[in-house]
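**Q** Chain by chain, the residues run as shown.
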Amino acid sequence: MSAVPGFVPGEVAPADEMTAAWWDATREHRLTVQTCGCGHRQHPPRAVCTGCGRTDGLSLVDAEGAATVDTFTVVHRAPRADVETPYVVARVRLAEGPILLTRLPSDRAWSIGDPVTVGWVDLPDGRALPVFTHTEQRN
Amino acid sequence: MTTGVAIVGAAESDLGSTGRSILGLQTQAVTRALADAGLTLADVDGIATTGVSRFSATQLADHFGIVPTWTDSTFAGGSAFEMFVARAAQAIRDGQASVVVISFASNQRSARSRRLGGVFDAWVPEAQFEEPYDPLYPASYYGMAAQAYLHHHGGTHEQLAEIAVAAREWALLNPAAFRHEAGPITAADVAAAPMVSSPLTVADCCLVTDGGGAVVLTSLERARDLRRTPVEVLGYGERTTHTSFTTVPDLTVPGAAGSAADAYARAGIGPADVDVVEVYDSFTITAALSVEGLGFCGRGEALDFIADGRIRPGGALPLNTNGGGLSYCHPGQYGVLLLVEAVRQLRGECGARQVPGAEVAVAHGTGGILSTHATVVLGVSR
Numbered sequence: 001m002s003a004v005p006g007f008v009p010g011e012v013a014p015a016d017e018m019t020a021a022w023w024d025a026t027r028e029h030r031l032t033v034q035t036c037g038c039g040h041r042q043h044p045p046r047a048v049c050t051g052c053g054r055t056d057g058l059s060l061v062d063a064e065g066a067a068t069v070d071t072f073t074v075v076h077r078a079p080r081a082d083v084e085t086p087y088v089v090a091r092v093r094l095a096e097g098p099i100l101l102t103r104l105p106s107d108r109a110w111s112i113g114d115p116v117t118v119g120w121v122d123l124p125d126g127r128a129l130p131v132f133t134h135t136e137q138r139n
Numbered sequence: 140m141t142t143g144v145a146i147v148g149a150a151e152s153d154l155g156s157t158g159r160s161i162l163g164l165q166t167q168a169v170t171r172a173l174a175d176a177g178l179t180l181a182d183v184d185g186i187a188t189t190g191v192s193r194f195s196a197t198q199l200a201d202h203f204g205i206v207p208t209w210t211d212s213t214f215a216g217g218s219a220f221e222m223f224v225a226r227a228a229q230a231i232r233d234g235q236a237s238v239v240v241i242s243f244a245s246n247q248r249s250a251r252s253r254r255l256g257g258v259f260d261a262w263v264p265e266a267q268f269e270e271p272y273d274p275l276y277p278a279s280y281y282g283m284a285a286q287a288y289l290h291h292h293g294g295t296h297e298q299l300a301e302i303a304v305a306a307r308e309w310a311l312l313n314p315a316a317f318r319h320e321a322g323p324i325t326a327a328d329v330a331a332a333p334m335v336s337s338p339l340t341v342a343d344c345c346l347v348t349d350g351g352g353a354v355v356l357t358s359l360e361r362a363r364d365l366r367r368t369p370v371e372v373l374g375y376g377e378r379t380t381h382t383s384f385t386t387v388p389d390l391t392v393p394g395a396a397g398s399a400a401d402a403y404a405r406a407g408i409g410p411a412d413v414d415v416v417e418v419y420d421s422f423t424i425t426a427a428l429s430v431e432g433l434g435f436c437g438r439g440e441a442l443d444f445i446a447d448g449r450i451r452p453g454g455a456l457p458l459n460t461n462g463g464g465l466s467y468c469h470p471g472q473y474g475v476l477l478l479v480e481a482v483r484q485l486r487g488e489c490g491a492r493q494v495p496g497a498e499v500a501v502a503h504g505t506g507g508i509l510s511t512h513a514t515v516v517l518g519v520s521r
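Residue numbers (my numbering), protein chains in the order written: chain A, 1 to 139; chain B, 140 to 521.
Hints are computed from structural coordinates only; laboratory data are not their basis.
Quantities reported herein were computed from a predicted structural model and do not represent experimental measurements.
Positions of the beta carbon are idealized from the N, C-alpha and C atoms, including for glycine.
One or more hints might be untrue.
[Stated by the list, open to error] Listed below are several chain B residues computed to face chain A (Cβ distance under 8 Å; list not exhaustive):
| hint | residue |
| --- | --- |
| 1 | G256 |
| 2 | H290 |
| 3 | G439 |
[Stated by the list, open to error] Some chain B residues well away from chain A (every beta-carbon gap over 12 Å; in silico):
| hint | residue |
| --- | --- |
| 4 | H202 |
| 5 | G234 |
| 6 | R254 |
| 7 | P274 |
| 8 | A321 |
| 9 | V335 |
| 10 | S337 |
| 11 | E360 |
| 12 | A404 |
| 13 | G407 |
| 14 | I408 |
| 15 | D412 |
| 16 | G454 |
| 17 | A491 |
| 18 | Q493 |
Please model the complete structure; the sequences and the hints are all you need to start from.
**A** Quick look at the structure:
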């Protein structure tokens, strides 16, 4: 079952040596953030820290999975065949700081600042795409 | 101040739906701009272009039978041409070229070559981390920027629509505009048009047309002997900020502020000295953010600032006087046509849409998804 109903991803580009470990974590539904020894966190993962310029201090750290909606757009025209419209594309800001592009379910009226939690859409090759759903209030 | 370099020729290719090839339209634009300058292909030793092929300037040089001493094929989307002005001015001052042609043409309407999802090279991070979510490229990025802008600054879509309403008013005065005969539109029309990527409707989005243009640059010294009033390059600046949808912390703060500040500083002027403004209106939000970035009002103030009709014909800040990418022509990388219109306004050739007495113009290009920003300040001495 998909965390975002109706979202069936197309073909996703293969990982490379900079991103393979990040994608491998998604196979276990673990969202990770690349973190440098200098304290800087960045996404997507790359071979250099954009905070300090070092290439030898980077590692992947598990993210909490909590985020807020930074901004979003409801898309009404399909860019490829077999995409159900309308659908919601959003930028979410992880609690750890970095921003991800993602999908949100289209069954609610979203607002900037809404709290969201990571969910997963499995890909045929065993990887999974992180998507986000509304965080229910805890009492 | 001046860079010692001037634009001495400017022209459009055929526009709209032409049925022509890219090189055919390029040839129209370049030969018409040279004729405007009173020069010929034999005078050209510098070529700057993009969107022709992988080897853009090389391809064009071959097509014209020219062996240039200087070329530039920088691919930076719609702002490339404002960047080319800077590079060309530097090459001319440095003596590497004496006559430079900056050109672009596209047949995207005739060829139906535009793709809603854009084109992501398979080996860039965006192909792994963004394309899978099906953003429209570039419309969804600008939609998200508009959503953030209206949320943080408290405006309405109808206020933002003034950009498109004013562009149409100008297009009604420009016989070359794609929407010249289309009649006026209202803010309510824009908001009620079919949604593309919210909050942007089809009326917030630029046209998809064929078209092209060219400008010719040479030293100010040589320009004084040519047939047209020299339009001096007074200043330029640029910023390159990102390729990803996710690496910019705040989508409502574009690189335009930095590129404009550099351009004004080089020119020794400020926003209050500008008589006419041509900005890349790929979307209504692009132009609104550019009005702020260029310093005409403060951050978050653009929608109130333009609400009094000041960017319309007869207003205090004439903006996109040809009708812009929204109502005049949008061949994909529209930036060269900003320069063509700025030159024509400064030479006083614009007929019904002429801004009386315009002496200083700004052309400001934006490329990609608010990725590249380049500002040129032009002026004439009367």
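**Q** If a hint holds in the structure, say so; if it doesn't, say that too.
**A** The hints, checked one at a time:
1. G256: Where the cut-off is 8 Å and the nearest Cβ of chain A is about 3 Å from G256/B, the hint holds.
2. H290: For H290/B, the interface hint holds, since the closest Cβ of chain A sits about 5 Å away, which is under 8 Å.
3. G439: 15 Å, violated
4. H202: The claim holds: H202/B sits with its nearest Cβ about 33 Å from chain A, beyond 12 Å.
5. G234: About 37 Å separates G234/B from the closest Cβ of chain A, which puts it past 12 Å; holds.
6. R254: Violated, because the least Cβ-Cβ distance between R254/B and chain A comes to about 7 Å, which does not exceed 12 Å.
7. P274: Given that some Cβ of chain A is not farther than 12 Å from that of P274/B, nearest at about 5 Å, it is violated.
8. A321: 22 Å, holds
9. V335: Answer for V335/B: violated, closest chain A Cβ roughly 6 Å.
10. S337: 4 Å, violated
11. E360: Correct as stated: the minimum Cβ-Cβ distance to chain A is 45 Å, above 12 Å.
12. A404: 28 Å, holds
13. G407: 35 Å, holds
14. I408: Per Cβ check, I408/B is outside 12 Å of chain A; nearest 34 Å; holds.
15. D412: 35 Å, holds
16. G454: 31 Å, holds
17. A491: 36 Å, holds
18. Q493: Answer for Q493/B: holds, closest chain A Cβ roughly 38 Å.
In the structure shown, a violation is registered for the earlier hints numbered 3, 6, 7, 9 and 10, in ascending order.
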